[in-house]
Amino acid sequence: MTNGLDALAALSDPTRRTIMQRLRGGPRAVGEIAAGMTISRPAVSQHLKVLKESGLVAETRQGTRHYFAIAPDGIGALRSYLDDLWGDALAAFARHVEKERAS
Amino acid sequence: MSNAEVARFAVPPIEKSIVVRCDLERAFHAFTAEIGQWWPLQMFSVTQAKARTATIEAKIGGRIYETADDGSTHDWGRVLSWSPPSGFSMTWHPGRIGGPHTVVELSFAAENGATRVRLVHRGWETLGKDGQGMRENYNGGWDKVLGQAFAGHLERAA
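Going down the list, the sequences are from chains V and Z.
Following our numbering, the numbering of the first sequence begins with 12 at its first residue and continues without gaps.
Following our numbering, the numbering of the second sequence begins with 419 at its first residue and continues without gaps.
No lab work stands behind these hints, which were simulated from the structure alone.
Ideal Cβ placement from N, Cα and C applies to all residues, glycine included.
Watch out, some of these pointers could steer you wrong.
[Said to hold, decoys possible] Label-pair ranges, simulated between beta-carbon atoms:
| no. | chain 1 | residue 1 | chain 2 | residue 2 | range |
| --- | --- | --- | --- | --- | --- |
| 1 | V | GLU111 | Z | ALA527 | 35 to 43 Å |
| 2 | V | GLU43 | Z | PRO502 | 31 to 39 Å |
| 3 | Z | SER490 | V | ARG106 | 38 to 46 Å |
| 4 | Z | ARG536 | V | ARG106 | 15 to 23 Å |
| 5 | Z | THR491 | V | ARG106 | 23 to 31 Å |
| 6 | V | ALA54 | Z | SER435 | 41 to 49 Å |
| 7 | V | ALA102 | Z | PRO502 | 17 to 25 Å |
| 8 | Z | ALA467 | V | GLU64 | 50 to 58 Å |
| 9 | V | ARG106 | Z | PRO431 | 22 to 30 Å |
| 10 | Z | ALA528 | V | ASP84 | 46 to 54 Å |
| 11 | Z | GLN460 | V | ASP84 | 22 to 30 Å |
[Claimed, not checked] Residues of chain Z clear of chain V, computed beta-carbon distances all greater than 10 Å:
| no. | residue |
| --- | --- |
| 12 | GLU443 |
| 13 | ALA445 |
| 14 | GLU452 |
| 15 | GLN455 |
| 16 | PRO458 |
| 17 | THR465 |
| 18 | ALA467 |
| 19 | LYS468 |
| 20 | ALA476 |
| 21 | GLY480 |
| 22 | ASP488 |
| 23 | GLY489 |
| 24 | VAL497 |
| 25 | ALA528 |
| 26 | HIS539 |
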């Protein structure tokens, strides 16, 4: 399932943000993603799983190799969530101003 | 990855606009000094159901924060520029303070006897962009905006 909230939850972790930054250049295998990181490779795999479930990252297979890449749809859901948030906030502001006019 | 795919990741800033039927001064005052009266705290706050009000301190460097029912305060950001009644901008990193940040800009303009309010939220949109071209102060943007502030929100949604 993909929605903005899942994506926000996934990105609340600094390691997962680091992983996302590493994927900016294009698809990477787990080993490439984990290179130079202080956490174990299984831990990186676990983070990738969370990112995948949030819809931010997609996994593809080429033969026996697994690659991970940023998934545009997941980022779109996140933007949509924040877009809604500001839309609701401004609408609430307008109601506040109109209410005063009416009273 | 093709260039087209990369481009799709360059999410633009969020831009919003709304017209309210009052003059410029009133709109600016209502947005800032009265934010505690209209901000949807249930939808967006650090302490969620415990949040009681929100405050914008009217000065450069002023805090934007919420106050919870136990009296504790939780920062959302800091005022970067303050030009009443035409606009103001603030850093936006609810739940944390200091360091890199995203920026929300508000501008107010008279329009046919009413006031147009424009909002631009930028700095969080760099996810997926080439890190080489990324401005330094964007680096921690995700941390601030998307981090702790939403934790309670997310737990409820789960």
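Status of the hints after comparison with the structure:
{"no.": "1", "hint": "V:GLU111 x Z:ALA527: 35 to 43 Å", "result": "violated, 20 Å"}
{"no.": "2", "hint": "V:GLU43 x Z:PRO502: 31 to 39 Å", "result": "violated, 51 Å"}
{"no.": "3", "hint": "Z:SER490 x V:ARG106: 38 to 46 Å", "result": "violated, 28 Å"}
{"no.": "4", "hint": "Z:ARG536 x V:ARG106: 15 to 23 Å", "result": "holds, 18 Å"}
{"no.": "5", "hint": "Z:THR491 x V:ARG106: 23 to 31 Å", "result": "holds, 26 Å"}
{"no.": "6", "hint": "V:ALA54 x Z:SER435: 41 to 49 Å", "result": "holds, 44 Å"}
{"no.": "7", "hint": "V:ALA102 x Z:PRO502: 17 to 25 Å", "result": "holds, 23 Å"}
{"no.": "8", "hint": "Z:ALA467 x V:GLU64: 50 to 58 Å", "result": "violated, 27 Å"}
{"no.": "9", "hint": "V:ARG106 x Z:PRO431: 22 to 30 Å", "result": "holds, 25 Å"}
{"no.": "10", "hint": "Z:ALA528 x V:ASP84: 46 to 54 Å", "result": "violated, 40 Å"}
{"no.": "11", "hint": "Z:GLN460 x V:ASP84: 22 to 30 Å", "result": "holds, 28 Å"}
{"no.": "12", "hint": "GLU443", "result": "holds, 12 Å"}
{"no.": "13", "hint": "ALA445", "result": "violated, 7 Å"}
{"no.": "14", "hint": "GLU452", "result": "violated, 7 Å"}
{"no.": "15", "hint": "GLN455", "result": "violated, 6 Å"}
{"no.": "16", "hint": "PRO458", "result": "violated, 5 Å"}
{"no.": "17", "hint": "THR465", "result": "holds, 16 Å"}
{"no.": "18", "hint": "ALA467", "result": "holds, 17 Å"}
{"no.": "19", "hint": "LYS468", "result": "holds, 19 Å"}
{"no.": "20", "hint": "ALA476", "result": "holds, 17 Å"}
{"no.": "21", "hint": "GLY480", "result": "holds, 19 Å"}
{"no.": "22", "hint": "ASP488", "result": "holds, 23 Å"}
{"no.": "23", "hint": "GLY489", "result": "holds, 24 Å"}
{"no.": "24", "hint": "VAL497", "result": "holds, 17 Å"}
{"no.": "25", "hint": "ALA528", "result": "holds, 14 Å"}
{"no.": "26", "hint": "HIS539", "result": "violated, 6 Å"}
Of the numbered hints listed earlier, those contradicted by the structure are 1, 2, 3, 8, 10, 13, 14, 15, 16, 26.
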